[in-house]
Amino acid sequence: MNWTNLFKISLKALSNNKMRAFLTMLGIIIGVAAVITMIALGQGAKKNIQNEISGMGSNIIMIHPGGERRGGVRLDPSEMQTLKEADYEVLRKESLFLAGLSPNVTVSGQLICGNNNYPSSVSGVSTDYISIRQLEISSGEMFTETDVRQSAKVCVIGATIVDNLFPDGTNPVGKIIRLNQVPLKVIGVLEAKGYNSMGMDQDDIVLAPYTTVMKRFRAINYLEGIFASAIAEEMTDLATADIESILRRQHKLKDGDDNDFMIRTQQELSQILNNTTNLLTTLLACIAGISLLVGGIGIMNIMYVSVTERTKEIGLRMSVGARGIDILTQFLIEAILISITGGIIGILTGCGASAIVRLVGNWPVAIQPWSVVISFLVCTVTGVFFGWYPAKKAAALDPIDALRYE
Amino acid sequence: MEKKVIELQNIKREFIVGDETVHALRGVSFSIREGEFVTIMGSSGSGKSTLLNILGCLDTPTSGEYYLDGISVRKMTKNKRAILRNRKIGFVFQNYNLLPKTTAIENVELPLMYNPEIGSSERRRRAVDALKAVGLEDRMEHKSNQMSGGQMQRVAIARALVNDPAVILADEATGNLDSRTSFEILVLFQKLHAEGRTIIFVTHNPEIASYSSRNIRLMDGHIIEDKINGNILSAEKTLAELPVNDDEAE
Numbered sequence: 001m002n003w004t005n006l007f008k009i010s011l012k013a014l015s016n017n018k019m020r021a022f023l024t025m026l027g028i029i030i031g032v033a034a035v036i037t038m039i040a041l042g043q044g045a046k047k048n049i050q051n052e053i054s055g056m057g058s059n060i061i062m063i064h065p066g067g068e069r070r071g072g073v074r075l076d077p078s079e080m081q082t083l084k085e086a087d088y089e090v091l092r093k094e095s096l097f098l099a100g101l102s103p104n105v106t107v108s109g110q111l112i113c114g115n116n117n118y119p120s121s122v123s124g125v126s127t128d129y130i131s132i133r134q135l136e137i138s139s140g141e142m143f144t145e146t147d148v149r150q151s152a153k154v155c156v157i158g159a160t161i162v163d164n165l166f167p168d169g170t171n172p173v174g175k176i177i178r179l180n181q182v183p184l185k186v187i188g189v190l191e192a193k194g195y196n197s198m199g200m201d202q203d204d205i206v207l208a209p210y211t212t213v214m215k216r217f218r219a220i221n222y223l224e225g226i227f228a229s230a231i232a233e234e235m236t237d238l239a240t241a242d243i244e245s246i247l248r249r250q251h252k253l254k255d256g257d258d259n260d261f262m263i264r265t266q267q268e269l270s271q272i273l274n275n276t277t278n279l280l281t282t283l284l285a286c287i288a289g290i291s292l293l294v295g296g297i298g299i300m301n302i303m304y305v306s307v308t309e310r311t312k313e314i315g316l317r318m319s320v321g322a323r324g325i326d327i328l329t330q331f332l333i334e335a336i337l338i339s340i341t342g343g344i345i346g347i348l349t350g351c352g353a354s355a356i357v358r359l360v361g362n363w364p365v366a367i368q369p370w371s372v373v374i375s376f377l378v379c380t381v382t383g384v385f386f387g388w389y390p391a392k393k394a395a396a397l398d399p400i401d402a403l404r405y406e
Numbered sequence: 001m002e003k004k005v006i007e008l009q010n011i012k013r014e015f016i017v018g019d020e021t022v023h024a025l026r027g028v029s030f031s032i033r034e035g036e037f038v039t040i041m042g043s044s045g046s047g048k049s050t051l052l053n054i055l056g057c058l059d060t061p062t063s064g065e066y067y068l069d070g071i072s073v074r075k076m077t078k079n080k081r082a083i084l085r086n087r088k089i090g091f092v093f094q095n096y097n098l099l100p101k102t103t104a105i106e107n108v109e110l111p112l113m114y115n116p117e118i119g120s121s122e123r124r125r126r127a128v129d130a131l132k133a134v135g136l137e138d139r140m141e142h143k144s145n146q147m148s149g150g151q152m153q154r155v156a157i158a159r160a161l162v163n164d165p166a167v168i169l170a171d172e173a174t175g176n177l178d179s180r181t182s183f184e185i186l187v188l189f190q191k192l193h194a195e196g197r198t199i200i201f202v203t204h205n206p207e208i209a210s211y212s213s214r215n216i217r218l219m220d221g222h223i224i225e226d227k228i229n230g231n232i233l234s235a236e237k238t239l240a241e242l243p244v245n246d247d248e249a250e
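So the sequences go chain by chain: A and B.
For the first sequence, my numbering puts the final residue at 406, and the numbers step up evenly by one.
For the second sequence, my numbering puts the final residue at 250, and the numbers step up evenly by one.
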């Protein structure tokens, strides 16, 4: 078979019908462009969420009391008292994979400063908390180990607290705020972080030494939770296992016993969100894929009509010596050329549309190279698949009938 | 004695239409030697189209033997017949059958496009030669819709010549043309005949018979007349005697 000649013939046939070829391509163009743009949007959203989670500290590990049963009644985790300060001390001493470790006890109530007050809560934490949550001090300083040891009446406050307690713009550092009759001296202000992706205000925060909260506010000897951060995100699983074995030993749990604490990582959260966005991407890709399919059917439709319309031409080609396979190849090449050209234009359009969405809509967009490759392959296969039937029909024509066809 | 280009031995062709069997050809035998200009005549229904299809290897006979240039065609597959058509036969149709929106030279090149043995430079050279032979060397890049009927038929004849066929099969080649242009085409056929080409001209126009070297007349699937024309008229002379149309000039 003479491929070069058949290719030339197909190219010529297409260029003779540029408008029709373009209109046929349109379906493929829109299909491919839609696939690429939709996947880029979905993946962009996913990346955005991932960034936000790692901004929250994707290596964060949270330990909560839990699993304890008293007389068959399950208790609210906040009522449980299985996590003690000693657990924190042991973890701090023995755990190998943790970069930071901080107990967590909270007390809520009305914060008062002069004429202003604001309902909030004070988190009792250790000095590591700042690094675990990736917080920054904008003015003043964080409390120290000494403050923790002495249960000092000091605190570090977030931007929302500043706005509500010091609306006139005075520098809060050095001022005294009160909660439940206990005065706390503001020694630092945190850099504003804004709302997180779940809509929680991350600046509505007051940090105080955990010892202060435990002794001066709550008068309790247990912890509500322990925050930790693994050395790196990939070490989170290792760190989790390490914490679990240390705490089980510390709590003297036997092999068959359930844990009386729960360990949560942000990874689980990020996995859930990933799954959600992946689902969204798949959904968008499916919708776009359908338009690609419709585009393919468009090719079949036009090629089918074109075979009927060009019956006479096919008859002539056969009479001057084209074999069935030559005709089949010609029509197949035409279909593939249409779909590949459409595919290339579609890829360019898709990338362009993604860029426009990013610029105009300010949406996160991430064009995926694999989506480009796949949609290109799919549209080539579409060309072969949907071009095959009309081409087969053309090749099966009888030259006598085809020549006589009016 | 020149060699036989075409030899038919008791060719029969039957079609089954519904429950009926239609006998289109009821035993046709003749042979055509190289260099003959044969007209095959007959009214519609006489079987001349069927005969043309068989001669052109588009169709195969139900029974009987057909040798084209010494090759038996009857048991050939579709693909082999396509290749045989490509190498041995040149078709000229009543309605020209040129590819639309395609230049004269590309139309002429078409048969060679399906012959992988011929490269593109050779193809172009032969197409140019064929167009020169029909007197269209100055219209090579004209598209088929920019040409008159006579010019289109010349392109079609050039296309039939380009593969240097054993036989040129013309099917009512002058049927769509006015009488003046018809004679111009006939002049061309006579010129090709004079150059030694074998031509079979199928027509229902008895006038054309007197310009060819041999006449075969068909009726109801039988040959009823097969005679050598001793007195071949010159188409050129007839053309000169025709009144000149003023609107002929382009």
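By construction, these hints were calculated from the structure, which means they are not laboratory data.
Some clues are possibly wrong.
[Said to hold, decoys possible] List of simulated lysine-lysine pairs, BS3-like, C-alpha gap at most 25 Å:
| # | chain 1 | residue 1 | chain 2 | residue 2 |
| --- | --- | --- | --- | --- |
| 1 | A | 312 | B | 80 |
| 2 | B | 88 | A | 8 |
| 3 | A | 392 | B | 143 |
| 4 | A | 185 | B | 78 |
| 5 | A | 215 | A | 175 |
| 6 | A | 12 | B | 101 |
| 7 | B | 143 | A | 18 |
| 8 | B | 88 | A | 18 |
[Claimed, not checked] If you want the ones that stay clear, here's a sample from chain A, every Cβ over 10 Å from chain B, calculated:
| # | residue |
| --- | --- |
| 9 | 2 |
| 10 | 151 |
| 11 | 366 |
| 12 | 399 |
| 13 | 400 |
In this text the structure is predicted, and so the values were computed from the model without any measurement.
A virtual CB, placed ideally from N, CA and C, is assigned to each residue, including glycine.
To see whether the hints hold, each was checked on the structure:
1. A threshold of 25 Å between alpha carbons decides the hint, and for residue 312 of chain A with residue 80 of chain B the separation of about 21 Å falls inside it, so the pair holds.
2. The straight-line distance between the Cα atoms of residue 88 of chain B and residue 8 of chain A is roughly 24 Å, inside the 25 Å bound, and the hint therefore holds.
3. For the proposed pair residue 392 of chain A and residue 143 of chain B, the alpha carbon gap of about 30 Å is over 25 Å, so the pair is violated.
4. Proximity of residue 185 of chain A to residue 78 of chain B is assessed by CA-CA distance (about 100 Å); at most 25 Å being required, the pair is judged violated.
5. For the suggested pair residue 215 of chain A and residue 175 of chain A, the alpha carbons sit about 22 Å apart, so the restraint of at most 25 Å is met.
6. Using a Cα cut-off of 25 Å, the hinted pair residue 12 of chain A and residue 101 of chain B holds, with the two alpha carbons roughly 10 Å apart.
7. Simply put, residue 143 of chain B and residue 18 of chain A have alpha-carbon atoms about 17 Å apart, close enough for the 25 Å limit, and the pair holds.
8. Between the alpha carbons of residue 88 of chain B and residue 18 of chain A the distance comes to roughly 35 Å, so the proposed pair goes past 25 Å and is violated.
9. Its closest Cβ contact with chain B, about 4 Å, brings residue 2 of chain A to no more than 10 Å, contrary to its assignment away from the interface.
10. Residue-level check passed: residue 151 of chain A sits 94 Å from the nearest beta carbon of chain B, beyond 10 Å.
11. Residue-level check passed: residue 366 of chain A sits 45 Å from the nearest beta carbon of chain B, beyond 10 Å.
12. For residue 399 of chain A, the non-interface assignment is contradicted: its Cβ lies about 5 Å from the closest Cβ of chain B, within the 10 Å cut-off.
13. With a least beta-carbon separation of about 5 Å from chain B, residue 400 of chain A fails to lie farther than 10 Å from that chain, contradicting its non-interface assignment.
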